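Using the sequences and the accompanying hints, generate a full structural model.
Residue numbers (this note's numbering), protein chains in the order written: chain A, 1 to 395; chain B, 1 to 395.
Simulated from the structure, these hints should not be mistaken for laboratory data. Among the hints, erroneous ones may be present.
Treat identical chains as interchangeable: a pair holds within one or across any two.
[Stated by the list, open to error] Think about it this way: if two alpha-carbon atoms lie no more than 25 Å apart in a straight line, the pair counts; the simulated DMTMM-like pairs of lysine to aspartate or glutamate are:
(1) K16 / D211
(2) K45 / E359
(3) K16 / E5
(4) K24 / E5
(5) K125 / E80
In this text, all values refer to a predicted model and were calculated from it rather than measured experimentally.
2 protein chains.
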Amino acid sequence: MDNFEFYAPTRILFGKGQEENVGKLVKEFGGTKVLLHYGGASAKKSGLLDKVKSLLEAEGLEYVELGGVRPNPELALVREGIELCRKEGVDFILAVGGGSVIDSCKSIANGLANPEHDPWEFHMKKAVPVKTTPKGVILTLAAAGSEMSESCVITNPEENLKRGYNSRLNRVQFTIENPELTYSVSKFQTACGAVDIAMHTIERYFSPGEDTWLTDALAEAVLRTIIKAGREAVEQPDNYEARANMMWAGSLAHNDLTGSGRRWLLTVHQLEHELSGLHTDITHAAGLSALWCSWARYAWESNVKRFVQFAVNVWGVQEDFEHPEKTVLEGIRRQELYYKELGMPTNLRELGIKEEELETLAEMCSFGKTRVLDGYKKIGYEDMLAIYKMAYEAE
Amino acid sequence: MDNFEFYAPTRILFGKGQEENVGKLVKEFGGTKVLLHYGGASAKKSGLLDKVKSLLEAEGLEYVELGGVRPNPELALVREGIELCRKEGVDFILAVGGGSVIDSCKSIANGLANPEHDPWEFHMKKAVPVKTTPKGVILTLAAAGSEMSESCVITNPEENLKRGYNSRLNRVQFTIENPELTYSVSKFQTACGAVDIAMHTIERYFSPGEDTWLTDALAEAVLRTIIKAGREAVEQPDNYEARANMMWAGSLAHNDLTGSGRRWLLTVHQLEHELSGLHTDITHAAGLSALWCSWARYAWESNVKRFVQFAVNVWGVQEDFEHPEKTVLEGIRRQELYYKELGMPTNLRELGIKEEELETLAEMCSFGKTRVLDGYKKIGYEDMLAIYKMAYEAE
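Here you go:
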């Protein structure tokens with residue numbers, strides 16, 4: 001087991017009606033004037049935003065609003081948020097939404113607290129934030145895990161760049177998780193959430209590391225849970241137990257619990273970034289589900305034991321001791337069938353990728369044939385091309 | 001799934017050599033003058049204490065020492081610690097040890113920060129601490145889980161009382177977990193640690209609650225891990241992987257992760273408190289292992305499904321669909337055999353309890369026939385007596 005640091009200080013209030021506590025929590029963490037940060041129309045339409053405003057007012061808190069966060073949250077809105085906060089004397093940022101709103105909230109919080117830097121400098125790793133602004137979340141989407149994670153990803157369309165950075169300061173002070181607030185999430189977005197959560201866990205699970213018995217068992221627990229919860233939430237959008245288990249799984253999948261003691265890399269995430277980079281209409285989770293099985297079929301021979309463990313412990317495949325490859329491939333196949341069952345793509349054609357784009361993708365992902373992704377199997381340009389080709393041709 | 005709050009903000013530095021960071025961490029959390037709090041001779045003999053002193057000095061930190069914490073840490077030493085801290089201007093408490101030292105540290109930290117109260121008032125629930133002093137831990141024993149928990153138990157021998165209280169303020173700022181520091185823990189103490197960790201998890205697992213799919217799976221993961229890690233650590237005291245997985249399991253078993261969404265009670269812990277209350281030489285973990293299987297054999301019929309799940313998912317028992325009771329009893333039997341394998345008692349005779357004491361125990365545990373313990377099965381005086389009798393007669 002590798003040395004590791006584990007730090008997930010976010011206070012979680014989980015369950016029905018927990019949003020009622022939002023005003024009290026903001027005050028407890030020192031807020032007096034709040035930036036209420038959200039995305040599009042759904043928070044307004046559902047009445048959640050009005051409810052939150054009343055709750056803030058009931059505690060004597062002032063607030064200003066900034067909506068309009070889009071998927072792949074943008075730098076311009078972050079800058080606008082920081083300016084607004086300065087002008088209005090905001091001392092607490094409250095995100096009402098999913099991963100995009102939370103990441104935008106984190107970037108505003110760090111930008112506001114470190115006025116000597118433009119927030120993009122942190123994303124470009126030209127500077128490191130040393131302070132932050134207290135922040136909280138009312139979660140409305142089980143997927144990205146940003147509500148408990150230390151990551152923060154922002155897109156700068158002017159430079160055509162999407163860049164994230166990890167920092168202890170990116171952990172939010174509290175997150176309110178009421179599964180009922182996700183009943184209205186569409187079947188497709190729910191399926192994307194299940195893929196996101198599974199992939200956060202799987203990528204850590206298939207990172208190099210030995211003898212992480214507990215971390216492995218926890219990751220397998222999260223995977224078995226999200227498989228069941230994701231399936232049931234897609235089938236029955238208002239199934240409380242499915243939504244609840246999915247929501248909690250989403251937070252634990254990305255708070256580092258499932259990677260402790262492993263040298264975790266997000267290899268398939270790297271391969272996917274180029275898909276949604278080239279075609280901005282491709283949803284991150286759809287790119288991941290279209291790629292993972294091909295990566296797995298390409299990489300399994302470099303760690304047969306690990307893939308057998310996955311097949312047996314996550315999918316309940318009967319181990320074939322004489323032909324471990326059969327066990328491995330059955331595990332991968334089950335994951336693929338699960339993605340299909342959720343209605344998610346399992347090849348690049350379904351995403352509209354053209355065969356002639358595959359070399360470009362490999363070129364981009366290898367940073368012009370210079371980058372090699374680490375892992376059980378080192379993945380350079382030729383490997384990337386082979387994986388993209390397999391994913392193009394897959395079922 | 002019940003509503004719940006989850007809050008485990010302790011920063012964990014896990015692995016070989018992590019104690020090297022102690023000075024930097026104390027400074028990061030604002031410490032300038034440290035109370036170095038520890039137990040008996042072992043921390044001194046191992047050289048750990050000298051190392052810690054050098055590391056504090058290297059960061060320009062002052063310190064004063066208070067050793068002598070005993071198992072079942074005592075109020076008198078807590079009061080002495082508070083007085084010493086006031087006199088010396090201490091602003092950070094560093095516990096070097098296991099659960100007893102950590103609990104003593106927590107009680108000192110709260111007493112120091114709330115000078116208008118005697119620390120015992122908090123334990124007797126006559127007052128609630130509103131502030132605390134920053135505190136950290138270098139863990140030398142994988143067992144109690146206090147390093148990540150919100151509980152703090154202190155004994156007052158003058159009043160013959162052992163009383164704990166939970167508070168968010170009881171979470172320590174950081175814990176350094178180097179599994180190598182537990183190599184010297186005796187076989188018996190290692191076995192006790194494995195029982196402690198298993199029981200923190202099992203008691204939450206068998207508390208009332210429904211549809212906690214993820215929490216259940218995480219609890220089963222911790223249980224399977226501690227079964228393996230505990231066994232191997234007893235057999236091979238310097239097996240790093242066994243010690244490491246056991247240590248991490250100990251922290252997660254009691255930081256509330258394994259009980260989220262369940263109405264957890266520690267029923268068998270209540271039954272045990274009377275054993276070690278009546279005979280102070282009985283180790284808590286030995287009392288737990290002597291009681292659990294009898295409680296389980298008494299209570300399983302009130303939730304067959306849950307006990308079947310335990311047998312199948314924790315012990316890999318083949319489910320007998322026609323005779324679920326066979327599956328249940330086999331699961332309990334495996335847990336019992338495991339305790340025997342660790343060298344732990346599985347009946348009250350092994351602890352030296354006399355048959356004529358059983359009624360006294362039930363009288364004490366039921367607070368004079370007035371208390372009924374909640375759970376799948378409500379446990380009143382008659383039930384307590386029946387369980388104590390079964391545990392007396394058990395193999």
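Each hint tested on the structure:
{"no.": "1", "hint": "K16 / D211", "in the structure": "between (38 Å within a copy, 15 Å between copies)"}
{"no.": "2", "hint": "K45 / E359", "in the structure": "neither (44 Å within a copy, 63 Å between copies)"}
{"no.": "3", "hint": "K16 / E5", "in the structure": "between (32 Å within a copy, 12 Å between copies)"}
{"no.": "4", "hint": "K24 / E5", "in the structure": "between (31 Å within a copy, 15 Å between copies)"}
{"no.": "5", "hint": "K125 / E80", "in the structure": "within (21 Å within a copy, 49 Å between copies)"}
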